[in-house]
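*Asks:* What follows is the residue order along each chain.
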Amino acid sequence: MQYVVTSNKKVCGKVKDDKLTVDDILGAGANVEHLLASGHITIANAGTAVKATPAPKQDFSFNEEEPAFQSDNSEGEKEWQE
Amino acid sequence: MARIVLTNVKVLIGAVDLSDHISSVSLSTTYDVLETTAFAAGNVPEAAKSRIAGLADNSVTFEFHQDYATSEVEATVYPLLGTVASVTVSPTSGTVAADNPEYQFNALISEWTPLNGAVGELATASVTWPISGGIVKDVTP
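Read top to bottom, the protein sequences are chains L and S. Per our numbering, the first sequence starts with residue 1, numbered consecutively. Per our numbering, the second sequence starts with residue 1001, numbered consecutively.
Misleading hints may appear alongside valid ones.
[What the hints assert, rightly or not] Residues from chain S shown here face chain L by an in silico Cβ test under 10 Å; the list is partial:
#1 L1012
#2 E1046
#3 A1048
#4 L1080
#5 A1085
#6 S1086
#7 T1088
Just so you know, these hints were derived from the structure itself, not from any lab. Here a beta-carbon is modelled for each residue, glycine too, at the ideal position from N, C-alpha and C.
Chain S with its partners taken away, still in its complex shape (with noise of 0.2 Å):
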């Protein structure tokens, strides 16, 4: 299994390319713990506590280089908050394929922050939107 370094990472925000305006991606999903320890644990064969997974909390944290101009971030993101947004991720922008999965999702677009730096920065926005569903892991080409 070849280990890889993310160059080229693609990333489609309500069916837009902004991949070239990102510079992080992270695609979250945890489970909920809920613990099931009765006092029955005398039947297991060690004495421990027992848990299952309850609901999935999904969500995607997203750097942005900010760019103002027609048809570019701020113009894609900004009229999308407050609203649920398609977001697809994947590894390489290549043929979606089993060592390219694409992940797709539906995405609250919970905040934004149209300006954010300090003198001689770059203007960036960093986002965590959660994810309003499931993630769903596509490998057909």
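Extracted from the complex, chain L is given alone in its bound form (with noise of 0.2 Å):
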């Protein structure tokens, strides 16, 4: 995971804007939650939008002229019927 510098202070090294790994923090001897708490990295990329692959189109329109099923059981109307 990738962090991105938002303090106005250097962090580990690291000026606005600058890209941090988890190893280039916990090499410096920061801790990740610490410097999320308090507002001097975020995650990167936290907040853009995720674009969606868009489905691909399923027809559902229903064939009126052929039946989607046929049922061979006669009988069983034949008995309704009676």
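These two chains come separately, so use the hints to put the complex back together.
*Replies:* Listed below in structure tokens is the structure:
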């Protein structure tokens, strides 16, 4: 995961808008949660909306001419009619 | 050996550079003194007490200029209260070298004065934090 410096202070040797990795932060003896909570860094791309891939179009139209299912069980109908 | 006037001391607290809001720094190391004088003092040329060093006790003192703005002093130090944070100090912000050593240690953020000052005065916070463990003196560029 990458982080972006949002602080006006130097953080882990980096300035505003520079990117930091977890290794950079831990290597500098810092704490990720503390830097996030105190507003020095944010998660990279945290505010970017993810563009959803459109799903393939599906044809839900019903073909009335040809029934989708034809029952061969005509005996049941006969019993019901009787 | 050149004398040095402190104008550009570098202080990092939790890897955040707060140098521009600190006006005073003091890094202190003292050792417990353990007396070892015994009856065999007669063997010593001059009868005198003998001593050895015990455990080191380190601390650091800072004078902060308070600032409540986003990612400034208060936002940085207050969340660290009661925790151990990495701190580094060096005489100047230049490259670490034998004539600009960097002292690295872990300080227990044991006290803080969020609001301090009288009418018309600059809001400051003076703290002394005990150091947990030793101090590493780094002179490697």
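*Asks:* Against this structure, judge whether each hint is valid.
*Replies:* Right, here's what the structure says about each hint:
no. : hint  : result
1   : L1012 : holds, 8 Å
2   : E1046 : violated, 47 Å
3   : A1048 : violated, 44 Å
4   : L1080 : holds, 6 Å
5   : A1085 : holds, 8 Å
6   : S1086 : holds, 3 Å
7   : T1088 : holds, 8 Å
The structure does not agree with the numbered hints 2 and 3 stated previously, though it agrees with the rest.
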